[in-house]
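Chemist: For reference, the chains in residue letters:
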Amino acid sequence: SQTIHQWPATLVQPVGSPLSLECTVEGTSNPNLYWYRQAAGRGLQLLFYSVGIGQISSEVPQNLSASRPQDRQFILSSKKLLLSDSGFYLCAWSVFLREELFFGSGTQLSVL
Amino acid sequence: AQKVTQAQTEISVVEKEDVTLDCVYETRDTTYYLFWYKQPPSGELVFLIRRNSFDEQNEISGRYSWNFQKSTSSFNFTITASQVVDSAVYFCALSEAVGNAGNMLTFGGGTRLMVKP
Numbered sequence: 001s002q003t004i005h006q007w008p009a010t011l012v013q014p015v016g017s018p019l020s021l022e023c024t025v026e027g028t029s030n031p032n033l034y035w036y037r038q039a040a041g042r043g044l045q046l047l048f049y050s051v052g053i054g055q056i057s058s059e060v061p062q063n064l065s066a067s068r069p070q071d072r073q074f075i076l077s078s079k080k081l082l083l084s085d086s087g088f089y090l091c092a093w094s095v096f097l098r099e100e101l102f103f104g105s106g107t108q109l110s111v112l
Numbered sequence: 113a114q115k116v117t118q119a120q121t122e123i124s125v126v127e128k129e130d131v132t133l134d135c136v137y138e139t140r141d142t143t144y145y146l147f148w149y150k151q152p153p154s155g156e157l158v159f160l161i162r163r164n165s166f167d168e169q170n171e172i173s174g175r176y177s178w179n180f181q182k183s184t185s186s187f188n189f190t191i192t193a194s195q196v197v198d199s200a201v202y203f204c205a206l207s208e209a210v211g212n213a214g215n216m217l218t219f220g221g222g223t224r225l226m227v228k229p
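Protein chains in written order, with our numbering: chain V, 1 to 112; chain S, 113 to 229.
The set of hints was computed from the structure by calculation and includes no laboratory data.
Quick list of in silico lysine to any residue cross-link-like pairs, SDA-like style, CA-CA up to 25 Å:
hint, chain 1, residue 1, chain 2, residue 2
1, S, Lys115, V, Arg98
2, S, Lys115, V, Phe96
3, S, Lys150, V, Phe102
Covered stretches of chain V, as calculated for chain S (at least 3 residues, CB under 8 Å):
hint, region
4, 36–44
5, 91–104
Note that beta-carbon positions come from the ideal geometry of N, C-alpha and C, so glycine has one too.
Isolated chain S (complex conformation) (with noise of 0.2 Å):
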């Protein structure tokens, strides 16, 4: 069964500083998608990023950036120069691309940032 571990409930970073968001996977599919989510204080969900086990490549999108390596089933997610409009719930997620129609996207539990002015 697939499941993601985000060990960090809370960080409390002050501005400007660089925040890294870590997330620990597992899964028994040699094919499958990692993704990044941000949930603000409003409460809906906004997809970040995808990627896919096949493509281990680090992303970089503006002051965020995604490091995934297979070695250790991690995806973690770096902001820099963090600013107060990073205050967010931030939700690591993986499925498995094949198999049965029960593995949809699970969730971790979430790491809350807090920026602080």
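The following block holds chain V by itself, in its conformation from the complex (with noise of 0.2 Å):
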């Protein structure tokens, strides 16, 4: 069965400092990935998605940036972290696009 990981967990990042998120799946062959965030109490907004090693999409303009070096392994990055960055970020996987998606448990981020 496929399985999804994320970590970490949580993380506590001072601003201005580099940020790098981890997502990998088992289980399956070229998933397409995603990250969301969900900003406290709010709904989730697309980040990125990719079809393929080295495709990526983003839906939102802004200071991260993801990166798909292999084909199950996804990463989320930033330069220098912002306030307005922390946040809930989901990693999530499917086999087609626009259909339904597998989240993983979610790193909880908070940028003092």
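Starting from two chains that each stand alone, build the complex the way the hints lay out.
Modeler: Here it is, written out as structure tokens:
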């Protein structure tokens, strides 16, 4: 069966520091991968999605970036975090675009 | 552009009551998918159901049931005999099955359901 791993679960970072969140999927090949952000008490916002290695589409302009160095690995990065980057970050995968997503357990990021 | 509205931000019920979570959507496409997700306090979103726009049959799964009505662009979710474990934030989502790659899942703002013992 397929599983998705996301880490770390919580992260506290100072403003201006770099960020690297990692997500890996097991049990499937060539998944579509996604990064979502959920601000406190609000809905989900799609940040990036990827249909294959090295292919990244950005939905929202920001100081975050994403990379997919391997088929089942998706990384969310930032060179310098802002206060507004605080939130709950969720990685997800799907078999087909626009069909159901399966989510990781999320990373709670606090930028202080 | 697609849009999902969950007008109820918070609902509080007592255990064993029935509760309906509303979802209204907007889309210009005739082919689309609708989804419901549950987000318990642990944070992980759990997929509950996907409905194709061509299938208007209502669905029942245990205490959960879904009422899809294209005429009113609604996809409501009912929990029968609610339990404390049903307490969570519930999200409705929409995706257009065709079109440009930017039409990924669009989520509503979520409804926080609190079931009190």
